[in-house]
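Asker: Using the hints, build the complex out of the two chains.
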Amino acid sequence: MHNILSLENVHFSYGEEDPVVLADLSLNIPTGKVTAILGPNGTGKTTMLHIMLGLLKPIHGDVRVSGKPHREYSKRELSQMIGLVPQFESIPFNFSVLEYVLLGRSPYLNPFQLPGDVDVEITENALKEAGISHLAEKPVTEISGGERQLVHISRVLTQETKILLLDEPTAHLDLENQNRILTLLKKMAAQGVTTVITTHDPNAAIFAAGHFVLMDQGDIAAEGELDHVITTENLSRIYNTPIRVEKINDHTMVVMDKMEDYG
Amino acid sequence: MSKEKFNRFLLLLGLGILVVFLASVFIGRYPSPPGMLPRTLFEDKLARQLVLNLRLPRLLVAFLLGMTLSAAGAVLQMIFRNPLVEPGFLGVSQGAAFGAAVAILWFANHPLVIELSATFFGLLALAATYFLSTRIRYGGWVLRLILSGVAVSALFSSGVGVLKYIADPLTELPEITFWLLGGLYSVTWRDLLFVLPFALIGLVVTYVMRWRVNLLSLNDDTAFSLGASLTRERLILLITIVAAAAALTSISGVISWVGLIVPHISRRIFGASAEKSIPASMLLGGGFTMIADDLARTLLAGEIPLGILTSAIGAGLFIYLMISMSIKVRRDA
Chain Y
0 MHNILSLENV HFSYGEEDPV VLADLSLNIP TGKVTAILGP NGTGKTTMLH IMLGLLKPIH
60 GDVRVSGKPH REYSKRELSQ MIGLVPQFES IPFNFSVLEY VLLGRSPYLN PFQLPGDVDV
120 EITENALKEA GISHLAEKPV TEISGGERQL VHISRVLTQE TKILLLDEPT AHLDLENQNR
180 ILTLLKKMAA QGVTTVITTH DPNAAIFAAG HFVLMDQGDI AAEGELDHVI TTENLSRIYN
240 TPIRVEKIND HTMVVMDKME DYG
Chain X
0 MSKEKFNRFL LLLGLGILVV FLASVFIGRY PSPPGMLPRT LFEDKLARQL VLNLRLPRLL
60 VAFLLGMTLS AAGAVLQMIF RNPLVEPGFL GVSQGAAFGA AVAILWFANH PLVIELSATF
120 FGLLALAATY FLSTRIRYGG WVLRLILSGV AVSALFSSGV GVLKYIADPL TELPEITFWL
180 LGGLYSVTWR DLLFVLPFAL IGLVVTYVMR WRVNLLSLND DTAFSLGASL TRERLILLIT
240 IVAAAAALTS ISGVISWVGL IVPHISRRIF GASAEKSIPA SMLLGGGFTM IADDLARTLL
300 AGEIPLGILT SAIGAGLFIY LMISMSIKVR RDA
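Those protein sequence lines, which keep their order, are chains Y and X.
Here the first sequence is numbered in numbering that gives the first Met the number 0, starting from 0 and rising by one per residue.
Here the second sequence is numbered in numbering that gives the first Met the number 0, starting from 0 and rising by one per residue.
One chain only, chain X, in its complex shape (with noise of 0.2 Å):
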């Protein structure tokens, strides 16, 4: 694809989502289902303080979240030379996610203790990961890293359910099965500040170096010879856009698939090279997982977990893709 037609396309998409956005602010069951005209919100003072207090920072913490769990997604997948891969892999997830259950069993239940915590624990599972790594003594690095983050994960897994089997059933169970399904039921504007600027270096970070993720992509050998400082610049991007993951992560949950399914349909689309591919799997990501959003709050008269919504759309898509045959996972690689 060339370079102007690519900016075409971007643009395009870019429009497209602006028109999601503008018409997820009218989507939902507030007056009825599915929505409210525009003047409503001159004539409802409910109106206007749901859409101003509610649905702007829930539908723009979904637009970052859907915009960074691909961004990461595209970057593991090219640095682990994996197309399977997506930033739960590395322990992140259920490292967030033990990271929450302990806010919500022991430090008194407070939203942002929550979020600090998930977003802590989620980042130790990926220093976990990463020293594991290095002390592993046989295979190459990805194999290493791969290892490591299946261990970890099951370690903080565990983790959770002693967790869950000690949590007071009425009270913190529901909370915690509910944080693990994930959603943005209760985001506010004071969540999206907390995770804005982690959302803001990953995301600036990936997007400039995207063409050296391709470098980053090929043989350690080859890389060497072309001037990459390989484990420097991998955990460069690794460290920014995973601890993005995990503190979008610890304000919605486990919000799984998407970070695995829309990079690949990015590079069906737009070409392998990260180039192109990273900003419009940003795009995508971050369009697919509003859509999906609006969805899990107006299908049914109660919320649907935005998790389960998007394993739904995401395990369907891939399974379309694997039997249209576009996803090849090299035997050699």
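Excised from the complex, chain Y in its bound form (with noise of 0.2 Å):
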């Protein structure tokens, strides 16, 4: 049985010249989970999700989908088996919220085609399911941070895929929408949805996730279950600051430590 997303021997820069991003990188991600990416700025994890989604080809190494490397599909089977929510995606046009997710309908229409009833009837119920039935005829640019992202996710419900990959869903999101953004996300994965994030909170990572990849400078430091990745060594080396992995109540917790040098 084959991992419906894997990496085999990745190695990536964005120019030859350029310092390597990934370097001849390997990772299995679980069907059917969330899987949280974690390391410090700059180590590659956007730059891991734009070659999950193809969007970059990899200098050699492959990524394959459900066995099958990348160029063995057409964009369009791709963009039905891959979903993306950026970390920024800005709207420039005022679409109300449903002509936007609409726009997640587009890997099964051709360039020609308009969306049909059937269309329509997916995109209402994706925001059903996000809980924002009740936005659908305002602009999305009129709404707040978290119903936005809540838009964004919507898009991908729509279009049906089974990898979501989500770049940094719950930054800059107060605490009640990380809450309802991770508990849909893992509402997703229970139905079968493969779902890949990246964070910089570990918190959250714990809060959503199955399996844990912690990078760093381009390569993986630790996979597998939480404690075996999320742990006081591994996190206070990889983001070279004092940090706590703590057990309360059964439930792992990151603190971080006030640093010595600042005393």
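The set of hints was computed from the structure by calculation and includes no laboratory data.
Heads up, some of the hints might be wrong.
Unchecked claim - Think about it this way: if two alpha-carbon atoms lie no more than 35 Å apart in a straight line, the pair counts; the simulated DSBU-like pairs of lysine-lysine are:
no., chain 1, residue 1, chain 2, residue 2
1, Y, Lys137, X, Lys163
2, X, Lys4, Y, Lys127
3, X, Lys4, Y, Lys137
4, Y, Lys257, Y, Lys161
5, Y, Lys137, Y, Lys186
6, Y, Lys161, X, Lys44
7, Y, Lys56, Y, Lys246
8, Y, Lys137, Y, Lys127
9, X, Lys2, Y, Lys74
10, Y, Lys127, Y, Lys161
11, Y, Lys185, Y, Lys32
12, Y, Lys137, Y, Lys161
13, Y, Lys67, Y, Lys56
14, Y, Lys56, Y, Lys185
15, Y, Lys186, Y, Lys74
16, Y, Lys127, X, Lys44
17, Y, Lys127, Y, Lys67
18, Y, Lys257, Y, Lys127
Claimed, not checked - Not everything, but these chain X residues come out facing chain Y in the computed CB check (under 8 Å):
no., residue
19, Arg211
20, Thr221
21, Gly226
Ideal placement from N, C-alpha and C gives every residue a C-beta, glycine not left out.
Answerer: Take a look at the structure:
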């Protein structure tokens, strides 16, 4: 049985002269779970998502989807299998939420086709799933940050892919909205959607994920279950700052300590 | 706006344009302003010839011109994610102006030669803008095209300046100047036939890809993840609609502001989705340009250059829309 998504010896840099971003990296993403990718700034998390998506091509190595390398799929087939919520997405025009989320149906329509009633129905269901049906007619530029992230996620739900990639889905959100979004992602994973998120917040990762990947300078420093990856030693070393991992009532918590240099 | 409501609105708009078209046939300075009565057509042979040979082709070209410029503006604004863009932006208008000036100066001053030369240089400017943008080493796709367009426009515009300087001030210069001001005073059926294929291809491609334009206005990574072949699809749209705008510019001269202001008004009435705002832009632009051209040929005893009128009306509307806060330029866009 193949993993639904795997990287094999993926090597990547942005140009011949540029530093290596990912160095011969291999990784299996477990099917039907939330995988959290953690690591310091500039360690290649976003680049890795773009490579998984096919937007960037590795210098050598393969990305495999259900065992087959990317190049054996057409662009359209890939877009029916992998969805992306990027970290920053600006929507320059005042689409209504429904009009914007409906764009998630593009992989199923040719460039000359208009969305039909079925597409609208799928879109309305995605809004319901994300709990934002009441926003359908609102302009996307006039909703809050948390609502906006739910709108982006509704768009990938409409895409009906087996794999979801989300780049920092909870950045800049308050706790209630973080909870809503992570809970929604867990629910999707329980329905069999393989989900990959990057995050800077280990506690958010612990909340949502069942599989953990710790990256450091373009390489994988640790990978696997919670207790194996999220440890005091691993985090303190990778982030180069004193970090403690504590258990409170069977619940793992990551706490940041004061740096000694600053007394 | 619901589909049914939109379709009703569009039908009304279409009927309105038909009324404007029919009225425009009779509006004019012959036999005396503001125009003739329908029965004059049957009684006066000169009136009949005037309508058949001058007014009809002129009205149809005005309608096509407005449709094309507005569709091009709507497409460019969405693809470049910038609500302040119009066709002239990619160097097309200045390229076409240069082509027309070259033809007026050196190629026997034949209308067809002027048109071919203007279309050719308009497209050449588009190609130059595109290739220059692929050579710029920094910035995203949008920024590079915009920078290239500004540079190519400036080059052709300085070229026009040189040609004006060396032109014969009594014969050639006035013709170049009048061409630059823009107008449809000399349009014939032959001109209409010349632009029709360009216009139809551009308008049909834009119309059938209208929903896709929404997708192409998103961030590159998002649009890619949704299956768009970004470069190919954007180029197909840009080349077909800008070629149409270049062909029409070759017979009308530089007509500015229509492509900028009409898509704004359309989005304001029909919402941002290109599925509705593009067809509505086409109709609104066609109607607007027909009315502007009616004014251009009837207001004064002499013809007012159409480009001056569209600029005055367009800039006025733009100022009004800006003050009423309906144009939002997002900082993060």
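Asker: Take the hints in turn and mark each one as holding or not.
Answerer: Against the structure, the hints come out as follows:
1. Lys137(Y) to Lys163(X): violated (53 Å)
2. Lys4(X) to Lys127(Y): holds (25 Å)
3. Lys4(X) to Lys137(Y): holds (18 Å)
4. Lys257(Y) to Lys161(Y): violated (42 Å)
5. Lys137(Y) to Lys186(Y): Cα-Cα ~26 Å, so holds.
6. Lys161(Y) to Lys44(X): violated (73 Å)
7. Lys56(Y) to Lys246(Y): Judged against 35 Å, a Cα distance of about 41 Å means the pair is violated.
8. Lys137(Y) to Lys127(Y): holds (15 Å)
9. Lys2(X) to Lys74(Y): This hinted pair holds, its Cα atoms lying about 31 Å apart.
10. Lys127(Y) to Lys161(Y): holds (19 Å)
11. Lys185(Y) to Lys32(Y): Satisfied, since the Cα-Cα distance of roughly 8 Å is no more than 35 Å.
12. Lys137(Y) to Lys161(Y): holds (29 Å)
13. Lys67(Y) to Lys56(Y): holds (15 Å)
14. Lys56(Y) to Lys185(Y): holds (29 Å)
15. Lys186(Y) to Lys74(Y): holds (28 Å)
16. Lys127(Y) to Lys44(X): violated (68 Å)
17. Lys127(Y) to Lys67(Y): Given pair Lys127(Y), Lys67(Y) holds - Cα atoms ~34 Å apart, limit 35 Å.
18. Lys257(Y) to Lys127(Y): violated (44 Å)
19. Arg211: Because about 5 Å separates Arg211(X) from the closest Cβ in chain Y, which is inside the 8 Å limit, the hint holds.
20. Thr221: holds (6 Å)
21. Gly226: Result: holds, 3 Å to nearest chain Y Cβ.
Checked against the numbered hints given earlier, the structure breaks hints 1, 4, 6, 7, 16 and 18 and satisfies all the rest.
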